[in-house]
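Student: Sequence:
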Amino acid sequence: MFSQLAKFRPGALAASYRDLLSGAWPDSSKLPVVYHDSYNIRFLGLEKLHPFDSCKYAKVLAGLQKQGLLHKAWTVKPRQATLEVLADVHTQRYIGDIHAHPSTVAQVTELAPLACLPMCLLERFVLAPMRYHVGGTMLAAALALERGWAVNLGGGMHHAAADRGMGWCPFDDIVLAVRRARAAAHAADAASAGTAGAAAGADPGPASTSGPAAGNAGAGAGLGAGAGAASGPVAEGTEGSSGQQGLGSSGPGAGGRQGQGQGQAEGLGQGRGQGQGQGQAGERIKVLVIDLDAHQGNGVERDKLEYDMADFYILDAYNEGVFPADRLAKSAIDVPMPLRPLTPTATYLQLLDRALERAAEQLPRPDLVVYNAGTDVLEGDPLGGLAVSAAGVIQRDERVWRWCLETARCPVLMLLSGGYAPESAAVITASLANLFRTFRLGMAPPAGE
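For reference, each letter of the sequence shown is one residue, going 999 to 1447 in the numbering used here.
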């Protein structure tokens, strides 16, 4: 099924992800399911002060393993994203603040007691796990392009923007993943087609085979001025610059960032496998984010504006009556699906069907769908404010995957995102189990298992 939708042959993108993968590039003994034990945040019980279940990832894996659908040995283990990787999207000022000031970590996680703790503990127990989520999403995007589907058993931090984090989201893993995937696609095309990338008008400079942008090669000094000038985001990153300065010719984005994010001719050319022949080297990957978390994905939307991202489309379904109500960010949504508080299951699914129809009619066919599958839409979720049943979530997820398979005919990357109800992990497990069975995503246990 989904394997037929792969855009690149297996291993074609591997060279661009050496910094995000532990070990060799995944072969057929691994499923395109990304997970690391470090996703789970356990810190003296302080994580329980927030309604978000920060250990749900291990629970989901255990639930799927109990059903024989997934085994930890079949998953792909990511490395955590480095500060240099984060700098492809986030400002040097914000990266410095969140890694130096407990008050910033407390604000982003909405856990005030963290402001009183030393930074060394916050780095180990909060920020490092979050960077593993970023690495997982970035790696999973590549696997989706090569395998036709992928799931990161984490990620989906859609409130984080270039210059800020909020709502338990410190880093924008979605835009980071898209930008790296586009650079990797271009690098794969160039490597496979020789001079085809240059002949198509691509600027080969930013296309690195080992990092997110050529400018980041100079970012080895971490947060120094040189790194900021080479590839770092806009230094001040103020609200007023979002969508206005963007990637103008006078800022740092005129160098490494625009070349990779918008101006560079990322491609679906000669390195492709099943999809080979559908495009030429230099063609940019078209991405559709389907964000069905109950909250508006304002961070991803702000970064779309900040980087003036072409061929990057957003379908966002969100409760109009809850956080974040970001008016500026809403201008980046291509297919809005605003919801009234306590929207019930039947209405929700009807509106989703219509939104997917609009996406098919109004937007170009995507080369990759990033599906942000938050379960905070569940009835009784303390922060989502909607009223979708557990069965409704399972139907929702299957409808999105089926739309990718039958209508968009493109790979899908699924992220778990938010979910604050006690039963969130169980519902995710049930939904993934349904997807594995419906679309035959699993594999037989290796010999000796």
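Bear in mind the hints are in silico, worked out from the structure with no lab data behind them. Nothing here was measured: the structure is a model prediction, and the numbers come from that model. Errors might be hidden in some of the hints.
[To be verified] Only pairs whose alpha carbons sit at most 20 angstroms apart, straight line, appear in this in silico SDA-like list of lysine to any residue: (1) 1075 with 1116; (2) 1028 with 1000; (3) 1070 with 1019; (4) 1057 with 1328; (5) 1070 with 1099; (6) 1075 with 1017; (7) 1075 with 1123; (8) 1284 with 1038; (9) 1284 with 1358; (10) 1064 with 1017; (11) 1328 with 1318; (12) 1070 with 1428.
Student: Evaluate each hint against the coordinates.
Tutor: Here is what the structure says about each hint:
Note on residue 1075 and residue 1116: the hinted pairing is violated, with a Cα-Cα distance of about 29 angstroms set against a maximum of 20 angstroms. As the CA atoms of residue 1028 and residue 1000 are separated by approximately 16 angstroms, the hinted pair is consistent with the 20 angstroms bound. At roughly 16 angstroms between alpha-carbon atoms, residue 1070 and residue 1019 fall within 20 angstroms of each other, so this suggested pair holds. A threshold of 20 angstroms between alpha carbons decides the hint, and for residue 1057 with residue 1328 the separation of about 34 angstroms lies outside it, so the pair is violated.
At roughly 35 angstroms between alpha-carbon atoms, residue 1070 and residue 1099 are farther apart than 20 angstroms, so this suggested pair is violated. With a C-alpha separation of about 12 angstroms, the suggested pairing of residue 1075 with residue 1017 holds against the 20 angstroms cut-off. Proximity of residue 1075 to residue 1123 is assessed by CA-CA distance (about 18 angstroms); at most 20 angstroms being required, the pair is judged to hold. For the hint linking residue 1284 to residue 1038, the alpha-carbon distance of about 32 angstroms lies beyond 20 angstroms, and the restraint is violated.
Under the criterion of a C-alpha separation no larger than 20 angstroms, the hint pairing residue 1284 with residue 1358 is consistent with the structure, at around 13 angstroms. Under the criterion of a C-alpha separation no larger than 20 angstroms, the hint pairing residue 1064 with residue 1017 is inconsistent with the structure, at around 32 angstroms. For the hint pairing residue 1328 with residue 1318, the CA-to-CA distance comes to about 11 angstroms; that is within 20 angstroms, so the pair holds. This hinted pair checks out: residue 1070 and residue 1428 have alpha carbons roughly 17 angstroms apart, not beyond 20 angstroms.
Violation of the numbered hints given earlier is confined to hints 1, 4, 5, 8 and 10; the remaining hints are satisfied by the structure.
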